[in-house]
Amino acid sequence: LKKDITTWTRSCLACKAAHIHKYTKAPLFKIDEQDRKFCPIHVDIVGPFPSSDAYTPFSTILDRFTRWPEAIPIKDISAKTCTRAFLTHYIARVRMLAGMPSDRGTQMTSELWTYLA
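Sequential numbering of the sequence shown, starting at 276, is according to this note's numbering.
The following label-pair restraints were derived from C-beta to C-beta distances: (1) CYS287 - ARG359: 51 to 59 Å; (2) CYS287 - THR331: 35 to 43 Å; (3) THR341 - LEU303: 17 to 25 Å.
Think of the hints as simulated: they come from the structure by calculation, not from any bench.
Just so it is clear, the structure is predicted and the values come from calculations on it, not from any experiment.
All residues carry an ideal CB built from backbone N, CA and C; glycine is no exception.
Kindly produce the complete structure, drawing on both the sequences and the hints.
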């Protein structure tokens, strides 16, 4: 049966057209070495995950120097919610910021985030 299936898929034109022979790999992004903590940090939104009290996505922060990750649960991914979570859970505690690369998502490119940066 396996031999018949292999023969059939190799002779099928649609199967041949859909078969990818070569995968392209993007090069890894090189992160420059830093000389102090919290300078700069990387921010992103991950999720949705299974709900926990209506918190499904997370705002994530990664310190480039120490590689310390933080995840802040948020109720939605609007720019206002993300900015408020960042200010109350991160800036209120760390109190410094020198740079903030992101994946350029709509939440991270709004006027609120531009004002912060």
